[in-house]
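**Q** If you're matching them up, the sequences are chains U and P in order. With the numbering used here, the residue at position 230 of the first sequence is 230, and numbering never jumps. With the numbering used here, the residue at position 427 of the second sequence is 427, and numbering never jumps.
A few of these clues could be false.
[Said to hold, decoys possible] Quick list of in silico lysine to any residue cross-link-like pairs, SDA-like style, CA-CA up to 20 Å:
no. : chain 1 : residue 1 : chain 2 : residue 2
1   : U       : Lys-507   : P       : Arg-349
2   : U       : Lys-339   : P       : Gly-16
3   : U       : Lys-339   : P       : Asp-21
4   : U       : Lys-591   : P       : Lys-203
5   : U       : Lys-431   : P       : Ser-406
6   : U       : Lys-431   : P       : His-456
7   : P       : Lys-409   : U       : Glu-470
8   : U       : Lys-512   : P       : Phe-511
9   : U       : Lys-255   : U       : Ser-276
10  : P       : Lys-523   : P       : Ala-495
11  : P       : Lys-409   : U       : Phe-388
12  : P       : Lys-401   : U       : Leu-394
13  : U       : Lys-421   : P       : Ala-116
14  : U       : Lys-270   : U       : Glu-182
15  : U       : Lys-264   : U       : Glu-248
16  : P       : Lys-361   : U       : Thr-354
17  : U       : Lys-421   : P       : His-121
18  : U       : Lys-538   : P       : Glu-26
19  : P       : Lys-396   : U       : Lys-431
20  : P       : Lys-449   : U       : Gln-430
21  : U       : Lys-538   : P       : Asp-21
22  : U       : Lys-448   : P       : His-456
23  : U       : Lys-537   : U       : Gly-580
24  : U       : Lys-255   : U       : Glu-265
25  : P       : Lys-203   : P       : His-213
26  : U       : Lys-512   : P       : Glu-26
27  : U       : Lys-591   : P       : Ile-443
28  : U       : Lys-281   : U       : Asp-143
Derived by calculation from the structure, the hints in this document are not laboratory data. Keep in mind that this is a model prediction, so the values were computed, not measured.
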Amino acid sequence: MAKRLGQSISKTAGLLWCSGCSVVSTSQKWCMEGQRVNLLQGPGRPRPDMHGECGPISQKSYRSTNPWKILLLPVHGHPTSQLTGFKGSATNALVPDTTGHLQRSCKGSSMADAGVVETLLRRIEKVDDGVDSLEVANSLGVDHQVIVGAVKSLQSVGDVISAELRSSKHWELTEEGMEIAENGSHEARVFSSIPLEGLAQSELMKLSFGKIGFSKAMSSKWIRVDKTHEGGPRIFRTVESIEDQVREKLLLVQKGNTSQLEEKEKNELKKRKLLSEVTVKTYWITKGNSFSTTITKQETELTPEMIATGNWKEKKFKPYNFEAMGVAPDSGHLHPLMKVRTQFRQIFLEMGFTEMPTNNFIESSFWNFDSLFQPQQHPARDQHDTFFLSDPALAHEFPQDYLERVKKVHSEGGFGSQGYKYDWKIEEAQKNILRTHTTAVSARMLYKLAQQEKFTPVKYFSIDRVFRNETLDATHLAEFHQIEGVVADYGLTLGDLMGILHQFFTKLGITKLRFKPAYNPYTEPSMEVFSYHEGLKKWVEVGNSGVFRPEMLLPMGLPEDVSVIAWGLSLERPTMIKYGINNIRELVGHKVNLQMVLRQPHMSTGLLSFT
Amino acid sequence: MPTVGVKRDLLFKALGRTYTDEEFDELCFEFGLELDEITSEKEIISREQGDSKASGASDIILYKIDVPANRYDLLCLEGLVRGLQVFKNKLEAPRYRRVSPISGEPQKLIITKATAAVRPHAVAAVLRNITFTQERYDSFIELQEKLHQNICRKRSLVAIGTHDLDTISGPFTYTAKPPGDICFKPLNQTKEYTATQLMSLYKTDSHLRHYLHIIEDKPVYPVIYDSNGIVLSMPPIINGDHSKISLKTKNVFIECTATDVTKAKIVLDMMVTMFSEYLFVSSSPYSESTEKIAQLLTRMCLRSQATGVGDEIEVEIPPTRSDVIHACDIMEDAAIAYGFNNITRTTPRTYTVANQFPLNKLTELLRQDLAAAGFTEALNFALCSQEDIADKLGKKISETKAAHISNPKTAEFQVARTTLLPGLLKTIAANRKMPLPLKLFEISDVVLKDETKGRHVGASNSRRFCAVYYNKSPGFEVIHGLLDRTMQLLEVQPACGEGYHIQAADDSTFFPGRCAEIFVRGKSVGRLGVLHPDVINRFELTMPCSALEMDIEPFL
Numbered sequence: 001m002a003k004r005l006g007q008s009i010s011k012t013a014g015l016l017w018c019s020g021c022s023v024v025s026t027s028q029k030w031c032m033e034g035q036r037v038n039l040l041q042g043p044g045r046p047r048p049d050m051h052g053e054c055g056p057i058s059q060k061s062y063r064s065t066n067p068w069k070i071l072l073l074p075v076h077g078h079p080t081s082q083l084t085g086f087k088g089s090a091t092n093a094l095v096p097d098t099t100g101h102l103q104r105s106c107k108g109s110s111m112a113d114a115g116v117v118e119t120l121l122r123r124i125e126k127v128d129d130g131v132d133s134l135e136v137a138n139s140l141g142v143d144h145q146v147i148v149g150a151v152k153s154l155q156s157v158g159d160v161i162s163a164e165l166r167s168s169k170h171w172e173l174t175e176e177g178m179e180i181a182e183n184g185s186h187e188a189r190v191f192s193s194i195p196l197e198g199l200a201q202s203e204l205m206k207l208s209f210g211k212i213g214f215s216k217a218m219s220s221k222w223i224r225v226d227k228t229h230e231g232g233p234r235i236f237r238t239v240e241s242i243e244d245q246v247r248e249k250l251l252l253v254q255k256g257n258t259s260q261l262e263e264k265e266k267n268e269l270k271k272r273k274l275l276s277e278v279t280v281k282t283y284w285i286t287k288g289n290s291f292s293t294t295i296t297k298q299e300t301e302l303t304p305e306m307i308a309t310g311n312w313k314e315k316k317f318k319p320y321n322f323e324a325m326g327v328a329p330d331s332g333h334l335h336p337l338m339k340v341r342t343q344f345r346q347i348f349l350e351m352g353f354t355e356m357p358t359n360n361f362i363e364s365s366f367w368n369f370d371s372l373f374q375p376q377q378h379p380a381r382d383q384h385d386t387f388f389l390s391d392p393a394l395a396h397e398f399p400q401d402y403l404e405r406v407k408k409v410h411s412e413g414g415f416g417s418q419g420y421k422y423d424w425k426i427e428e429a430q431k432n433i434l435r436t437h438t439t440a441v442s443a444r445m446l447y448k449l450a451q452q453e454k455f456t457p458v459k460y461f462s463i464d465r466v467f468r469n470e471t472l473d474a475t476h477l478a479e480f481h482q483i484e485g486v487v488a489d490y491g492l493t494l495g496d497l498m499g500i501l502h503q504f505f506t507k508l509g510i511t512k513l514r515f516k517p518a519y520n521p522y523t524e525p526s527m528e529v530f531s532y533h534e535g536l537k538k539w540v541e542v543g544n545s546g547v548f549r550p551e552m553l554l555p556m557g558l559p560e561d562v563s564v565i566a567w568g569l570s571l572e573r574p575t576m577i578k579y580g581i582n583n584i585r586e587l588v589g590h591k592v593n594l595q596m597v598l599r600q601p602h603m604s605t606g607l608l609s610f611t
Numbered sequence: 001m002p003t004v005g006v007k008r009d010l011l012f013k014a015l016g017r018t019y020t021d022e023e024f025d026e027l028c029f030e031f032g033l034e035l036d037e038i039t040s041e042k043e044i045i046s047r048e049q050g051d052s053k054a055s056g057a058s059d060i061i062l063y064k065i066d067v068p069a070n071r072y073d074l075l076c077l078e079g080l081v082r083g084l085q086v087f088k089n090k091l092e093a094p095r096y097r098r099v100s101p102i103s104g105e106p107q108k109l110i111i112t113k114a115t116a117a118v119r120p121h122a123v124a125a126v127l128r129n130i131t132f133t134q135e136r137y138d139s140f141i142e143l144q145e146k147l148h149q150n151i152c153r154k155r156s157l158v159a160i161g162t163h164d165l166d167t168i169s170g171p172f173t174y175t176a177k178p179p180g181d182i183c184f185k186p187l188n189q190t191k192e193y194t195a196t197q198l199m200s201l202y203k204t205d206s207h208l209r210h211y212l213h214i215i216e217d218k219p220v221y222p223v224i225y226d227s228n229g230i231v232l233s234m235p236p237i238i239n240g241d242h243s244k245i246s247l248k249t250k251n252v253f254i255e256c257t258a259t260d261v262t263k264a265k266i267v268l269d270m271m272v273t274m275f276s277e278y279l280f281v282s283s284s285p286y287s288e289s290t291e292k293i294a295q296l297l298t299r300m301c302l303r304s305q306a307t308g309v310g311d312e313i314e315v316e317i318p319p320t321r322s323d324v325i326h327a328c329d330i331m332e333d334a335a336i337a338y339g340f341n342n343i344t345r346t347t348p349r350t351y352t353v354a355n356q357f358p359l360n361k362l363t364e365l366l367r368q369d370l371a372a373a374g375f376t377e378a379l380n381f382a383l384c385s386q387e388d389i390a391d392k393l394g395k396k397i398s399e400t401k402a403a404h405i406s407n408p409k410t411a412e413f414q415v416a417r418t419t420l421l422p423g424l425l426k427t428i429a430a431n432r433k434m435p436l437p438l439k440l441f442e443i444s445d446v447v448l449k450d451e452t453k454g455r456h457v458g459a460s461n462s463r464r465f466c467a468v469y470y471n472k473s474p475g476f477e478v479i480h481g482l483l484d485r486t487m488q489l490l491e492v493q494p495a496c497g498e499g500y501h502i503q504a505a506d507d508s509t510f511f512p513g514r515c516a517e518i519f520v521r522g523k524s525v526g527r528l529g530v531l532h533p534d535v536i537n538r539f540e541l542t543m544p545c546s547a548l549e550m551d552i553e554p555f556l
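Sequences are here, hints too, so could you generate the full structure?
**A** Set out below in structure tokens:
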């Protein structure tokens, strides 16, 4: 029953991998929660005051229609939104994403500087063709961003203006370049600081421009060094006068006459980090179809006041952007594997199966193996496959007469069996382990059933953790969930087992089943259940089943004509196939991807329909 | 499940026809095998050691076939072919019988009492008049190896030795001697070694070193001599070089030494029957039975006939089918031969009323409402390191009542968890990129040592509810609010005495003065509070965190 079902999941799941939505949403709800008051809060406990910290945005947040993001405004050009993880830094400007239902200006309400907007509109009115946003900014003496803001604001109120984004490259002096334009190049300054009688090299090097200027002046052959001079190397002029071309070139650029320089000259200055080429993004603004210098302010949202006064009738409202995503509802989520567990539980209950108490991870080898007629030298009982306990190491108190019958059927046979013919040891049966299958619980339940005065048919199920001390990989963990169904009644047949499996899997959305002979120490016959996977176009193993051996049932004291049929599968494997999860660690354990937990769809019938 | 690799063309030749991969897969499925992989030696080497090493290797197609763990008779090409041929009615079920050598007495193996101290059992047989080809020889060696790995439990239960009978003379003696007294030239070596020297020689042998532990610590080592004192083998480690078999070998002496005599007999039967087809022995005449079941069983190598008494069938179990120990094993074979998928599916008329396990019912109900309360469910491992449940939480492992695992492969599986909190904190640590706040919960079992309760194993599960709130401020009021909501769901009023209340408590996991114990009807069920900064650090977290953990079994 508990055969590990996960052999080729990575291959399978790989084909089913679905790429999910990968939006990183940052919720603003934490600042809302800070406003809650805890009525049970005792005196003296500081009331968390998060309101203050996130005050600037809490005013807007209730109306925001989209997750908040941090927008970093670059120095040049217009803002490009850049997503970063929400670190809650109060210094960052928090503005809504422009893909929200309401398109908002990039600087919020502070931008909506009516003065700038009005000035801009008048400028546009005066000209026939249009204006450049950067020129407007320069002539008004305001930052270019202010004008960009005004443009965005105007764009959002309809077709008042039309703005075409232009980008141009131009050369600009670097900080060092500015200094040179003002004071002269380093080499010129070196030249001029050397008197006719020369200057000690050590003195020159003390000057801020000394080092660079010296080598440049040397290569221009403006100066020479007399290394043999008494009192150390000394520097002398070699020419009478010089022409500071570097400074002149930079001055040309500063005055905006860059075109007079050759490309080569510009690049050389760029190499010296005196010039840099910058891209400027500006708007070319022209009149729109409904151009007007007076702008009616559009309302963003309907307010209680508007409803009370009825003045919504005169207002204009900003259009919604229906292409935006809504805000994720503020709720928790159930774990996908647990949701699938609930579904399986539901199916068993619908089929009239009673849930077994499986809340005992630690089990004795007796109930886990011996009672199931699994011989004591079976490989599954090896240290490499099973977790043994050092504390508590041994189990005590077994039903004595039952234990004797188990011992006999293993070592000598009986109940129509030859047995395994080996020396069965109580010491081996006493060893405590982490159960390797929930069938250990089924064994306890069937033994309990056999102790009833009169046998009554039962249908049992369980879904719980089991443990294997095996090598871990992308599809194998040391613990997984086993799903198990057991039916005990008079005269059950292999046809009954196949019929009930058919019903069970039909409820999961799997209708195409076939059965393969298999081996399992405690069932005979044993069948592996395969289902045809429409997507993969092949048969996939979905479970294991069989009829419990008489050597297991008869020592318990069940009537001879009672058969017990059972089947099992792992919970993880079908879940991984269904959701295209390649690595089991993404599904189970602390390395779970919570984003994945959040985006799982609702489970319905067809839970595992392999389509 | 053992995997057998066979050359496809050789297999088809033996089966007398060729199959497409799909046809062969289908045949395997019906018979209870699985065609696991279609590959070649070249492909295997290039996958394991890189393309460069594979250039010279053979590219003959290999079929890797998964064989059920109890069918030792299918572990080699010969057995597979025989099984499939009989299944397809192409071959009659073989019948095996022991024959005496044409001349003289059967061989004898004398077992001395000294072996009781190390490896008490031995069985032996002789295969006479065998004709090896390279393929048959390889298959013979591979079968021996497969048996060693599977039923022989890596030679610990049974070890097989095969010898060229014509190089040795019986009777043979199986005895045990101190390692210093055993001296012989082992297989493929050029000089003699004592057993003590051999043990250190093979310490570095990639293959043999895995078997040394079986006898290493014993005072005496098992050894088999022939009548002239020639060492045949020192089981379960190595054979002598003198008697090694080759392609020219005609008569093979097979010995199986064991700690389990039943397994030794099975292994010996397997070795003998699988290769008996290369003997020049005529098979017994075939008598046709008309009874369907008997026919079906015969297809599974179980020679059967109706006895004429009722619906009784007499079935002859060949030595190859050691897996048949009960009539139900025979019925399975009949079902396989009939075809599982040809059986009519029926619905059992078992009438039952379903019941939920009350603890699970409560768990299911609570989980739904906790998610509705804004907390997201996590699912963590029941096993963890000692550090997780003790040191990291500021506790001593001796205080934890933890059940300890004796054979963990890594530190992750040292103990069964005694608290759900570490798992949730590790989940947060692995998901730090998620927006704050993080609100997680888990309802699951922990394991505690417990002599009183449970099923006489000395430990029992306890169903816990744990929740954490992780944000820029501790949010004790949030976790407290969740406790209030949980109690509302469980229909417990906030009140001392008959209801629930919380009361300041000291706990090293929590920040001093920020921990309270939860009392329900006067009994403590758990704790909540703001985690200690040291605990937060040890779980590689950076923000304040409050947590709640309580037992839910008292609410049943």
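**Q** What are the numbers of the hints that this structure violates, sorted from low to high?
**A** 2, 3, 4, 8 and 19
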